[in-house]
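Chemist: One letter stands for each residue in the lines below.
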Amino acid sequence: MLKINHFSNAILSDINFHLKENENLILLGSNGAGKSTLAKVACGIIYSDKVELFGEKLEHLCAKRRAELINYVPPKLEIFDDYLSLREYLELSRLYSSLSVDEVISILNLDALADKPCKTLSNGEQQLTMLASSILHGAKLTIFDEPTANLDPKKTLQVYEMLKSDVIKNRVIITHDLNLAHKLGYKILSMQEGKIEFFDENKKFFEVSNLEKLFGSSIKHVDGYFAVNL
Amino acid sequence: MKYLFIILSIALLLTAPFFGQIKINLFNIGDMASMDYKLFWDLRLPRVIVAFFTGALLGLSGLIFQSLFRNPMSTPFTLGVASGATLGSAFAIVFGLVTLVPVFGFFGALLTIAILFSITSKLKGYDTSSLLLVGIALSFFYSAALMILFYLSQESQSYEIVRFTMGSLDVVGIRHAVPVIIVSVLLLFMSLRYKNEIKLLLTSYDNAFLKGVEVRKINTILLVSVSIAVGVAVSITGPIGFVGLIVPHILKAIYKKSADKLLLVTFFYSGIFLVGCDLIARNLGTSSDVPIGVITSFLGAPFFIYLIIRREKI
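Protein sequences, first through last, are from chains A and B.
For the first sequence, position 191 (counting from the first letter as 1) is numbered 223 according to this note's numbering, and the numbering increases by one without interruption.
For the second sequence, position 128 (counting from the first letter as 1) is numbered 398 according to this note's numbering, and the numbering increases by one without interruption.
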């Protein structure tokens, strides 16, 4: 589904992995490890000739086909225009989804915000807006960059439910939240200083010995949940 | 309110050719032998038409540039196209090719576009800001070249060059209006044709890219269209300042809408604005017409500042 063959640049070094059809992925790693850069390479924002999507070379795809195959949801909503409303933004985003804009708005309880300009929304509301946008885009593979950052517990749960559901086809999720990574149970790719340090099944990642190796004593495991050991 | 403005604007447009230093006798404009006929059909009407379409073109160009460059200070002249046209025209004036001034102006503009895009197509990390910087560098280069022409020119030629840079809507005969009409309508057509892409580009370049817009191609198409249109207009009227900078801002402040919804509105009201300014320039009672650039700036700048202050208060 997603294949990167020995890609290197100023931030990443020798990134080489293959994600099979219908395999979802969690992308972990400390700040500055190169997770977002990797995502931008995978979706073509950063040009490379080392990426294959669903068996096709990314650099050979026409723009429309590329948009059908892959989408990237950045950590923050960036909009230049001052007046674009949430609904208009979502209308622009609707490409391959069978759901309508109104359906997605009501699924995510955004009705009250629909006519507000995107720029006036709070961080959390913008996060939900981007999630809604990615559902409407309906790409075969969507990369979410920290989709639960900036969210209150209620909204975190809401996003978690959406990420699990089949309104999104295949997904790669970048996160710092080990509980999210654990509960979703997807394969894990963990990065350190631009390199891949772990790429295997979820279970193997959460083995005590591996966690100790990666995080030392900064993570505590209590009743199936992971917390920062303060 | 909206309709009132449209009606007033159309009324202005229809009556503008009848006002000027010389009174026109309404009953004679059908009489081919009369002075009034010549005055109306050869001078006044072409002038109002050129004013409308030049204003429309400059305003729409400004709106497109400000959107694509994400820079509120962008004007249709930012990429140096107008400087190129000015230099071409000045060249024609200094070397005694006065009848060819518009042709040289247009080639100056075309040459600038060619230089601009051949440089930026070689840049690896293409973005609009490098295009902007190259454009600004070119403008400075042209200014220096213009200085050399000034240095070489005779006094009367220098005056002619200066007069050209002030902008002028003096045209004789309807045929001079035709190129401006064609390019401005084509530009309007292009901008409406790519309206959806413009809308996506107004979110963010990355977002437009992810949604399947060929960002580089669309940018180039729009920038080249604007540049050619501006080149044609400037080679006929000279660089008329402030319309392309201020009118889009004023309309955005009034309408409070995204740029993609203001394409037609900007086209129409920028045209009206220049017709209005020209009407004032022609009727101030001075012995010759006040340069149009003076009026656009004198009217536009204070109103613009008023709008900024008012916006801050809200």
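Calculated directly from the structure, the hints in this document are not laboratory data.
It is possible that some hints are incorrect.
What the hints assert, rightly or not - Listed next, with one range per pair, are the computed distances between beta-carbon atoms:
| # | chain 1 | residue 1 | chain 2 | residue 2 | range |
| --- | --- | --- | --- | --- | --- |
| 1 | B | L422 | A | K82 | 34 to 44 Å |
| 2 | A | G87 | B | V455 | 58 to 68 Å |
| 3 | A | S45 | B | M343 | 39 to 49 Å |
| 4 | B | I579 | A | N234 | 37 to 47 Å |
| 5 | A | K82 | B | R486 | 14 to 24 Å |
| 6 | A | A42 | B | F411 | 29 to 39 Å |
| 7 | B | R340 | A | G248 | 39 to 49 Å |
| 8 | A | H38 | B | L534 | 46 to 56 Å |
| 9 | A | V254 | B | L577 | 36 to 46 Å |
| 10 | B | R486 | A | E88 | 41 to 51 Å |
| 11 | A | H38 | B | R486 | 18 to 28 Å |
Please read all numbers here as calculations on a predicted model, not as lab measurements.
Even for Gly, the Cβ is constructed at its ideal location relative to N, Cα and C.
Chemist: Against this structure, judge whether each hint is valid.
Modeler: Status of each hint after checking the structure:
1. Judged by the Cβ atoms, the range 34 to 44 Å given for L422(B) and K82(A) is violated: they are separated by roughly 56 Å.
2. Here the CB-CB span from G87(A) to V455(B) is close to 46 Å, at odds with the stated 58 to 68 Å.
3. Taking 39 to 49 Å as the suggested C-beta distance range, the pair S45(A) and M343(B) conforms, at roughly 41 Å.
4. About 59 Å separates the C-beta atoms of I579(B) and N234(A), a value inconsistent with the hinted range of 37 to 47 Å.
5. Distance hint check: the CB atoms of K82(A) and R486(B) are about 21 Å apart, consistent with the given range 14 to 24 Å.
6. Take A42(A) and F411(B): their Cβ atoms lie about 33 Å apart, and the range 29 to 39 Å holds.
7. With their beta carbons about 44 Å apart, R340(B) and G248(A) fall inside the hinted range of 39 to 49 Å.
8. Against the hinted window of 46 to 56 Å, the Cβ-Cβ separation of H38(A) and L534(B) comes to about 51 Å, which satisfies the hint.
9. About 59 Å separates the C-beta atoms of V254(A) and L577(B), a value inconsistent with the hinted range of 36 to 46 Å.
10. A hinted range of 41 to 51 Å is violated for the C-beta pair R486(B) and E88(A), which are about 21 Å apart.
11. Between H38(A) and R486(B) the beta carbons are some 27 Å apart, a value that agrees with the proposed interval 18 to 28 Å.
Hint compliance for this structure: hints 1, 2, 4, 9, 10 are broken, all remaining hints hold.
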